[in-house]
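> Generate coordinates for the entire structure from the input sequences, incorporating the hints supplied.
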Amino acid sequence: MNAKKDKYMLRGVLKKNGYDWWWHSFTGYNKNNGEPKSFFIEYFIVNPAISPQQIVFGQKKGTPSLTEDPVPIKPCYVMIKAGVWGKDAKQIHAFYPTEKLVIKKHDFTLTSGCCSLSETYISGAVAMPEREAKIHPEYMSDAGSMAWKLKVNKKIAFDVGYGTSWLFRKLNIFQMYWHAQGVKTEYTGSVVYNGQEYIVPPEKSYGYADKNWGTDFTSPWVWLSSCNLVSQISGNKLENACFDIGGGCPKVCGIPLNRKLLAFFHFEDKNYQFNFSHFWRKSKVEFSFSEEGELLHWFVSAENRHYLLDVDVYCRMEDSLFINYESPAGAKNFDKLWNCGNGYGELKFFRKKRKALELVEDAKIYNCGCEYGEYKPTAQ
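Letter by letter, the sequence shown follows residues 4 to 383 in the numbering used here.
Don't read these hints as lab results, they were simulated from the structure.
Small disclaimer: the values here were computed from a predicted structure and weren't measured.
Glycine included, each C-beta is placed from N, C-alpha and C at the ideal position.
Be careful, since some hints might not be right.
[Unchecked claim] What follows is a set of in silico ranges between Cβ atoms, one per label pair, in the way DEER data are often shown:
| hint | residue 1 | residue 2 | range |
| --- | --- | --- | --- |
| 1 | D365 | P39 | 19 to 27 Å |
| 2 | E321 | E206 | 27 to 35 Å |
| 3 | L362 | A52 | 50 to 58 Å |
| 4 | D365 | S291 | 16 to 24 Å |
| 5 | K356 | G15 | 45 to 53 Å |
| 6 | G164 | G198 | 39 to 47 Å |
| 7 | N197 | K287 | 39 to 47 Å |
Have a look at this one:
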């Protein structure tokens, strides 16, 4: 595992034109009745050197500054995003000036206000009164409160390879970078959400941790991941399996590579990658997304010379939310960036044998993280 890629990345030009975030998602259980709930927590930093002493929002009155002002307003802040998926799906934000950000480089830790992040522990709290959420749409936040104290044990990593190597990071070759240090992550601890306490046990946390950084986002934006898989062949839970799929339209030196995804599958102590840059492996990943009645539907088919991976996932719209971000340029380019942690579906993994396919595993998918969005037409 390459934990160096999990560290703080906003150096050089990225200090005034870049973002960096660490994402955590997991399942907790109501302390009183055992009811499960899916949570997410994100530590997000944008343009830290523009105005370190004060918080600057790129949005005015909830609309993209690019459509209001001749000169976009570049945001500058630390944003802590925390929330839940389900019928009461919410995202709750807290903001801090970047001068309050404390980072220890060697034994990596990040602290802003009451919120802390390291490779092995996260803690913090957010609270947004209903009135504040209504009169400040630039906060991009729902009303509510959430606090957390969690140990983090990242078990299985997905390193995309030379695309996030030191040289490629130094040259800022890509517009958006991705590293998933915890495709399977065990969380231990507790969360208090709107006054209700939830216990997070490691064996049933079904956790995920990754990070992204760069100068802008991708459109389309695709993400699917789960470590809760149950074999339909043996009937057993696959304790040592997980998958992670992400991407959309990466830009290399400003040149878009349309409809390109990276796919990763860990199964029986072996990693299988489907990476479009591995041309010698003849890797190819195709995908589709659709809104079907009250359901969201993702389908991904990934293959290389030797293997084929099909992932078919659904999520209920009522369990999802439109997750909010503004870019380093100050634009909120997504009106509908679907985000959900309660996805379910099926995974099929095949081995290629000459002109035939041999089914290696057929598994049900639960607790799947899901995301899809495209820039609104005015942002294209």
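> Which of the numbered hints are not met once you compare them with the structure shown?
No numbers; nothing is violated.
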